[in-house]
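Asker: Sequential numbering of the sequence shown, starting at 1, is according to full-length UniProt numbering.
Incorrect hints may appear among the rest.
Said to hold, decoys possible - Quick list of simulated restraints, FRET-style, between CB atoms: (1) Q15 <-> D48: 36 to 44 Å; (2) I74 <-> V40: 57 to 65 Å; (3) I70 <-> D48: 28 to 36 Å; (4) T38 <-> P13: 49 to 57 Å; (5) R46 <-> R11: 52 to 60 Å; (6) K30 <-> D58: 32 to 40 Å; (7) A67 <-> F34: 46 to 54 Å; (8) Y9 <-> R47: 43 to 51 Å; (9) Y18 <-> T38: 31 to 39 Å.
Said to hold, decoys possible - Below 20 Å or equal to it, Euclidean Cα-Cα: the simulated DMTMM-like pairs (lysine to aspartate or glutamate) are: (10) K56 <-> E68; (11) K57 <-> E68; (12) K59 <-> E43; (13) K63 <-> E51; (14) K59 <-> D48; (15) K64 <-> E53; (16) K78 <-> E68; (17) K63 <-> E53; (18) K57 <-> E69.
Simulated from the structure, these hints should not be mistaken for lab results. Ideal Cβ positions, reconstructed from N, Cα and C, are used throughout, including at glycine.
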Amino acid sequence: MSSGSRIFYRRNPLQTHYSAENSSEDKYEKNTKFEKITGVELEGARRDNTENEGRKKDKELLKKRRAEEILESIFTQKAEKKRS
Numbered sequence: 001m002s003s004g005s006r007i008f009y010r011r012n013p014l015q016t017h018y019s020a021e022n023s024s025e026d027k028y029e030k031n032t033k034f035e036k037i038t039g040v041e042l043e044g045a046r047r048d049n050t051e052n053e054g055r056k057k058d059k060e061l062l063k064k065r066r067a068e069e070i071l072e073s074i075f076t077q078k079a080e081k082k083r084s
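From just these sequences and the hints, can you work out the full model?
Answerer: Shown next, in the form of structure tokens:
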């Protein structure tokens with residue numbers, strides 16, 4: 001009995017079977033021009049950047065509201081009577 005010379009393994013379907021393909025017969029266009037594409041153009045704006053922009057807008061709105069509330073509260077205060 002020979003030592004393992006007759007053992008055949010099943011081919012893994014996820015691996016490329018190189019003897020089955022012949023890439024030299026494929027025809028490709030020689031004058032293809034590839035454009036440079038950034039990740040933002042390809043995938044869109046990053047979520048963390050949009051969230052940071054939204055947070056900045058919220059902070060500005062809160063600052064404006066606080067300033068307006070302070071002014072309104074000054075005008076709405078009634079003269080307090082002194083106790084004596």
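Asker: Take the hints in turn and mark each one as holding or not.
Answerer: A quick look at each hint next to the structure:
1. Q15 <-> D48: 36 to 44 Å: holds, 38 Å
2. I74 <-> V40: 57 to 65 Å: violated, 47 Å
3. I70 <-> D48: 28 to 36 Å: holds, 33 Å
4. T38 <-> P13: 49 to 57 Å: This hint is violated: roughly 36 Å between Cβ atoms.
5. R46 <-> R11: 52 to 60 Å: 42 Å Cβ-Cβ, so the 52 to 60 Å window is violated.
6. K30 <-> D58: 32 to 40 Å: violated, 54 Å
7. A67 <-> F34: 46 to 54 Å: holds, 53 Å
8. Y9 <-> R47: 43 to 51 Å: Given range 43 to 51 Å: holds, Cβ gap about 45 Å.
9. Y18 <-> T38: 31 to 39 Å: holds, 35 Å
10. K56 <-> E68: Status holds; Cα separation ~19 Å.
11. K57 <-> E68: holds, 17 Å
12. K59 <-> E43: violated, 28 Å
13. K63 <-> E51: At roughly 18 Å apart (the allowed maximum being 20 Å), E51 and K63 satisfy the hint.
14. K59 <-> D48: Holds: K59 and D48 sit about 16 Å apart, inside 20 Å.
15. K64 <-> E53: Judged against 20 Å, a Cα distance of about 17 Å means the pair holds.
16. K78 <-> E68: holds, 18 Å
17. K63 <-> E53: Holds: K63 and E53 sit about 16 Å apart, inside 20 Å.
18. K57 <-> E69: holds, 18 Å
Hints 2, 4, 5, 6 and 12, counting from the list given before, are not met by this structure.
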